[in-house]
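Top line first, the protein sequences correspond to chains A and B.
Residue 119 in this note's numbering sits at position 76 of the first sequence; the count goes up by one each step and never skips.
Residue 67 in this note's numbering sits at position 54 of the second sequence; the count goes up by one each step and never skips.
Keep in mind that the hints were calculated from the coordinates and are not lab data.
Values in this document were obtained by computation on a predicted structure and should not be read as measured data.
A virtual CB, placed ideally from N, CA and C, is assigned to each residue, including glycine.
Be aware that one or more of the hints could be misleading.
So the derived label-pair ranges between C-beta atoms look like this [claimed, not checked]:
no. : chain 1 : residue 1 : chain 2 : residue 2 : range
1   : A       : D152      : B       : F39       : 46 to 56 Å
2   : A       : M138      : B       : T28       : 40 to 50 Å
3   : A       : T175      : B       : R147      : 24 to 34 Å
4   : B       : I31       : A       : V118      : 51 to 61 Å
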Amino acid sequence: MSHSSRSDTTCEPNLTPLLDLVLQILMFFMVTVNFAQDQQQVSANVKLPDSETARPLSKAKDRDPIFLNLQLRPVEGGKPEYVVEVPSVDTSKGMTPQQREAARFMSQDNAKIWLQGKFLDLKRDNKNGEVTNSIIIRADKDAEYAEVFRLLGACSEAGFRTLKVRARVIQ
Amino acid sequence: MPNKHRTEDKPTEVTLPITPMLDMAFQILFFFIATFNPVAASEGQMDLSLPAKSDAAAPDPNKISPRAESHKTDIDIPTDVTISLRGIQVPKFAGEVSSITITTNRPPEILKGADKEERKAELRKQLKQLKASRPKEDDAKKRPPNARVEAETNIRWSEVVKIMDICYEEGFQVSFSKPLPKGAGQ
Chain A
44 MSHSSRSDTT CEPNLTPLLD LVLQILMFFM VTVNFAQDQQ QVSANVKLPD
94 SETARPLSKA KDRDPIFLNL QLRPVEGGKP EYVVEVPSVD TSKGMTPQQR
144 EAARFMSQDN AKIWLQGKFL DLKRDNKNGE VTNSIIIRAD KDAEYAEVFR
194 LLGACSEAGF RTLKVRARVI Q
Chain B
14 MPNKHRTEDK PTEVTLPITP MLDMAFQILF FFIATFNPVA ASEGQMDLSL
64 PAKSDAAAPD PNKISPRAES HKTDIDIPTD VTISLRGIQV PKFAGEVSSI
114 TITTNRPPEI LKGADKEERK AELRKQLKQL KASRPKEDDA KKRPPNARVE
164 AETNIRWSEV VKIMDICYEE GFQVSFSKPL PKGAGQ
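Chain B extracted, bound-state conformation (with noise of 0.2 Å):
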């Protein structure tokens, strides 16, 4: 008798009590998609080189506060190439690079090329020439090139940034030297 009772009962069924576990799933996939930032994961850092001492002052010798020590301190970075970007003073192309000039302990030289990617192109052949032709002992210190990037007032920020590219890219550090007036070049 008691054998039977046995086989009349209904296998039980044993369930896992998913619910909590959802709960505290949502809980938490709630807390990762406020948390979550895609602006920060995409972002990159470039160190740089401080502004060389004469350009870390202010233009204007009034403006300098007598206590400020920190120029004191300044250590002037020596630069093996200077590159200036200029622009044309036209509305429609304000902030856009026209012409690269870079300077070496030779004069002054326009970087040759009719479009935008063809000056990048030869600025980085200069460069590569450049860094070959170093002094040894340079080298040897394990000074990295300098190299010192000026611009005219409203050149944008990513032009800049595209330069500082080529520099980083052959091997160059970069400092940064006070705007050049609008129009200088011309």
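Just chain A, same shape as in the assembly (with noise of 0.2 Å):
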């Protein structure tokens, strides 16, 4: 008898302190949240070199950055070999994503080539023939200092006029 009657009462878990961490934890990546333009161009695989006078990024971005990722690539039995990453390549050739993904990684030589074809590019594009777009480099900390300046400078003679090195912010 007294089984029937408390059958009716329903069990329900308490959802508060759920729902109270849930609404923590979202709130954490909401205030975290860097709704940056570089996101897909910001390799994890390089690993940046600390520095101290880094700017923060601010809310000021940088018109139409284009990020250069320089890392290394290790190799079996030998000296690491250095790929440039571009943000991106001609898709008109009818690559599939694969491709055009892994035809993203490039050697210096290519980078140097890349670079010439972009700056044309974007100058036939803008209306008064004019790049104001900055190049941000995201070397490796273990990069030869060669590379880097090979990098540079191959940024330098296709014209870019604003050069740009990325570093972690230590304080």
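Need the complex rebuilt from these two chains, each delivered in its own frame; the hints are there to steer you.
Next up, the structure:
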């Protein structure tokens, strides 16, 4: 008898603490979210050098920056090779998405050619023929100076006027 | 009678439907977790002065395309000080800076200091002095002093950035110069 009378009391889990927690975590991720346009172009494979004076990225963003990631790719039993990752490659050649993705990683020589092509494209597309895009270089901290300089030189030679380097900010 | 009936009624519980809200919260939570990128959040930027005119060109004249126009518009940045970084050519210390030379209008000077930190402190001191002794007209033109950094080919980038750090802290702009051959200073 007593059983049947108890059966209509519903047993609900207490959701309040769970909800509190979820909303807290949600809040954290919302606050730290950074809708920087460069998200896809920033490669996590590059370990940036530490710097005390690098300015944290402010709201005032560069106009259409072009990111170049200079990575070190280990080669078995030899010197690591340098790979430049560019934002995108010409897509008119009917490549599959995988091929296109792989083509973004190129040697220094090809990166130089890519930069020259990119500069001409931008020059043609801009109304007054001026290229104001800045180049942001994310070089690996273990990269050799000569390789970084080579990339800087290639940008400068292609005609880009604003060069910036990225570093990890330490306080 | 109706009065009595009312008192027998259980007080109606007002429950907030939590389930849809929780569903929604999880959806949003997942979105923010998926877009969370702590790498980008800790990054900072450093401006560069462009490589000086002479260095912007390829070292080999045959490699220069005669149609490239960019060199014509290059502005040679006046350099106040050149900082040369050299390393020891021993595999164990490859990429480390073993000596710093600074060249101003005086003859080149190798910075004193037994270890990295001492040399860096010395560099800081020298740059401070240099900035204090600048001619007044440069300050009037609002041109920041320029430091040109050159390093041996295999010096590690992180070491170069540390030197850049010191230059920026002392108010110098940094430009780069073409790499020195390995072991040139020995």
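### Query
So does T175(A) sit 24 to 34 Å from R147(B), Cβ to Cβ?
holds (31 Å)
### Query
Is 51 to 61 Å right for how far apart the beta carbons of I31(B) and V118(A) are?
Holds: the Cβ-Cβ distance is about 56 Å, inside 51 to 61 Å.
### Message
Between the beta carbons of M138(A) and T28(B), is the distance compatible with 40 to 50 Å?
### Response
With a Cβ separation near 56 Å, M138(A) and T28(B) fall outside 40 to 50 Å, so the hint is violated.
### Query
Regarding D152(A) and F39(B), is the given constraint of 46 to 56 Å on their beta-carbon distance met?
holds (49 Å)
Violated hint: 2 only; the structure is consistent with all others.
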